[in-house]
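Student: The lines below spell out each chain.
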Amino acid sequence: MRRLFYIVVLFALPLYPSVILGQRQSNCETCHFEVEEPEGPAHKFTRDVHFQKGLGCVDCHGGDESLDDMDLVRKVKGYRGIPGHLEVPEFCARCHSDAVYMRNHNPSLPTDQLEKYKTSVHGQRLFGRKDPKVANCVSCHSVHEIGDAKMPHSSTYPLNIPRTCARCHADSAYMAEYSIPTNQYAGFVASVHGHALLEKQDLGAPACNDCHGNHGAAPPGVTSLSAVCGNCHAFQAELFLQSPHEKGFAENNYPMCETCHSNHRIVPPGDTLIGTSEPALCVNCHSADDGTKGFATAEGMVTALGTLSSRRDSAAVILADARTKGMMTTDEDFRLQEVDQALIQARVLVHSFDLSKLAPKANEGLAKADTVRANSESLIDEYYFRRKGLGLATLFITIVAIGLYLKIRRLD
Amino acid sequence: MPTTTGTKPPSTLGQKSFQWLDDRFHIKALVDYMSDKSVPRHGRSIWYYFGGISLFLFIVQVVTGILLLMYYRPGADSAYESVRFIVSEVSFGWLIRALHSWSANLMIFAVFIHMFSVYFEYSYRKPRELTWVSGIVLFGLALTFGFSGYLLPWNELAFFATRVGTGMAGAVPVIGENLLVIMRGGEEVTGATIGRFFGLHVAILPAIFTVVLTAHLVFIQRQGMSEPIDWTDKPESEKKYIKFFPNFLLRDLLVWLIVLNILAVLAVFLPDGIGLIHWPLGTKADPFAPPPPVIRPEWYFMFAFQALKFLPAHLFGLEGELVGIGAFTLGGLIWALAPFLNTKAHRGKPSTPFTLFGILVLLFMIGMTIAGYILE
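Each protein sequence line maps, in turn, to chains L and F.
For reference, each letter of the first sequence is one residue, going -7 to 404 in this note's numbering.
For reference, each letter of the second sequence is one residue, going 394 to 769 in this note's numbering.
It is possible that some hints are incorrect.
Claimed, not checked - Below 20 angstroms or equal to it, Euclidean Cα-Cα: the simulated SDA-like pairs (lysine to any residue) are:
1. L:Lys317 - F:Leu659
2. F:Lys677 - L:Asp323
3. L:Lys399 - F:Arg434
4. L:Lys317 - F:Ile622
5. L:Lys380 - F:Leu656
6. F:Lys430 - L:Asp323
7. L:Lys399 - F:Leu659
8. F:Lys636 - L:Asp323
9. L:Lys399 - F:Lys636
10. L:Lys380 - F:Leu659
11. F:Lys636 - F:Ile459
12. L:Lys399 - F:Pro673
13. L:Lys380 - F:Ile651
14. F:Lys636 - L:Asp404
15. L:Lys317 - F:Pro673
16. L:Lys399 - F:Ile635
Please keep in mind that the hints were generated in silico from the structure rather than gathered at the bench.
Please put together the full structure from these sequences, using the hints given.
Tutor: Here is the structure:
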């Protein structure tokens, strides 16, 4: 009986990979596996999320999988063959826009991708100008190796998205006729966002689609920029919208965050961005005699932050000294964290462009930094006091010990 | 005026006070008794000091322990906070905690040396069998002091080490489960456990310890210092002695002063200990936090901890840990009963098997301790 089992298993082996993955076996694979190269569509399809969900060739291409003659298959009503570049969106949308159908396969997946795609720059060019170079579904998702965005090998996995977009957008020859820049990818890689996503592999950091949308991809307009950045940086956006800059930027058609932070190559924010001397950005628009308070505010903000930052650092140095001397610094460590918190909050308050809002927070941090410093200094004093006390105590004990020793010698 | 001595009348204030007390308590008799005692003098006399050093460090423990008690508040919500308060706010609180921790470790170390020197010198032989047994009881109590005190700061390491330590008690057959619940005051290590360990550490153990220690010291006073075993057949003329009072006592005092100085330097410069003997307050115990990567018992439990870890899960059809605990119990029993088992020493002759057993125990302890710190 056992031998029979092994024989059956042995003969069933050629049915791999469908047996292993528990998929149905159709005549399509039987022929395509034989005639195709190892990286042909049928082979690739075994790695496709659709295959893993139990779909087969006929679910996209139509036809009848029970027929073993290709010519007969093509004659079957409903055979769709290979779609052209312009037909792909509708081809995929047959299922992906069908809410009832999708509910049976992947209920959490939205079904408005085609509608969004039509609003995107890609979709407008594809449907409007019949542009065969513009991205359709398969340009980003691949053809027969389509992966779920949660799969690390997928072209739409967050860490892979920048490269997926850059395949076209960083190719200057390919993009030549569109007269848009091709340095977005290079900028993103060097940016604070790119550093977090690609180097630290922080999946919470934004990839291209987090700002531009994915299926509805479009460059954010001047007015929508607050929604794009403010989505994550909510407090900064709110402060900005209440600040005197809001009106001025709108009148001059300046994009709100981008004007100071740039778009793709966003440098880590630093105190040097504000102030009244290079490389501060305030002086790009403000001068001492421009009739606004801008120049004075910039000066005040940079002074407040600089003072807080340097006093925090010097307090931290003294605290570290106390710690290395073996003193108990837990309370001061906590207080220094509060100083750091105040510094972060003060830096966020820069976006109010209002010194009367920033100064109290900076002063709160300064007072705490001074306390840390003073307490750390008294800890260090305490350390020297202990050593002196110990010196006296050991001296006393030593004298008594010597006296005792002499007494013992006399006794013996 | 009736006096016990009947010699010349007292003149100075000191002599008058002594006279006053002597009239009532007959102290002169005690002094005379002590003056009659003598201590053998030979090449290995240095080992006589370690009992005294252990006693001195115990006195330091009592004094610093009482001072810590002024501010320490047992309980899951207050233990850690009160220790933090002691080391950061209370004047010299850091010093008291450092002295308490350092002298605890040094005391255990001195007790180890004291015990092994007594063992290898066969000083436990007749008539000192009960002195040895009371010493073994004191040794066990000292280790229990260490174990119960370790949890009291209620920090991360103490919490998890206590969980492992009390968990081992659960492996004891039949009574294990009950023993674990009694030790922990429930199924888990909680605030109730602190209450129990605190009561044990500051009331039950000191009470028992004081009684046994008094007996131990009285025994020693009655019997005097043991003479080396190779003096058994020596003629009296070749034996050298020094008087216990005041000569040996002053020497003891000198050693105590030196130990006090070492203790002070350690407590001031290394208040949190050093290297493997380290007791930083660290973070507060959180039963829901994952255990730290390295859970270590104190160094004097390391050999047992490591030996139990080395044992396979099952041995001779029994749980490995159980076999280990059984072996330790048996070894401890042989150790405690050495004076009764070693009849050769009783006759005044060294016994190679017992010396070898002692060397084996010592090597086992050192080897396992080193292994415990290297293999992590």
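Student: Does Lys636 of chain F pair with Ile459 of chain F here, judged by a C-alpha cut-off of 20 angstroms?
Tutor: 35 angstroms, violated
Student: Holds or violated: Lys399 of chain L with Arg434 of chain F, Cα cutoff 20 angstroms?
Tutor: 19 angstroms, holds
Student: When you check the alpha-carbon spacing of Lys636 of chain F and Asp404 of chain L, does it fall within 20 angstroms?
Tutor: Distance ~10 angstroms between Lys636 of chain F and Asp404 of chain L Cα, so the pair holds.
Student: Regarding the pair Lys399 of chain L and Leu659 of chain F, is the alpha-carbon distance no greater than 20 angstroms?
Tutor: Measuring from Cα to Cα gives roughly 28 angstroms; hence the hint is violated.
Student: Sort out whether Asp323 of chain L lies within 20 angstroms of Lys677 of chain F, counting only the CA atoms.
Tutor: Answer holds: Lys677 of chain F to Asp323 of chain L is near 14 angstroms, not above 20 angstroms.
Student: For a C-alpha distance cap of 20 angstroms, please report whether Lys317 of chain L and Leu659 of chain F respect it.
Tutor: Holds. Lys317 of chain L to Leu659 of chain F sits at ~14 angstroms (cutoff 20 angstroms).
Student: Between Lys636 of chain F and Asp323 of chain L, does the CA-CA distance stay at or below 20 angstroms?
Tutor: Judged against 20 angstroms, a Cα distance of about 55 angstroms means the pair is violated.
Student: Lys399 of chain L and Ile635 of chain F: Cα distance at most 20 angstroms?
Tutor: Measuring from Cα to Cα gives roughly 15 angstroms; hence the hint holds.
Student: Next pair to validate is Lys380 of chain L with Ile651 of chain F; report whether the Cα-Cα distance is within 20 angstroms.
Tutor: Measuring from Cα to Cα gives roughly 19 angstroms; hence the hint holds.
Student: For the pair supplied as a hint, Lys399 of chain L and Lys636 of chain F, is the alpha-carbon distance within the 20 angstroms limit?
Tutor: 14 angstroms, holds
Student: Taking only the CA atoms, is the gap from Lys430 of chain F to Asp323 of chain L under or equal to 20 angstroms?
Tutor: 56 angstroms, violated
Student: Sort out whether Leu659 of chain F lies within 20 angstroms of Lys380 of chain L, counting only the CA atoms.
Tutor: 15 angstroms, holds
The structure is inconsistent with the numbered hints 4, 6, 7, 8, 11, 12, although it conforms to all the rest.
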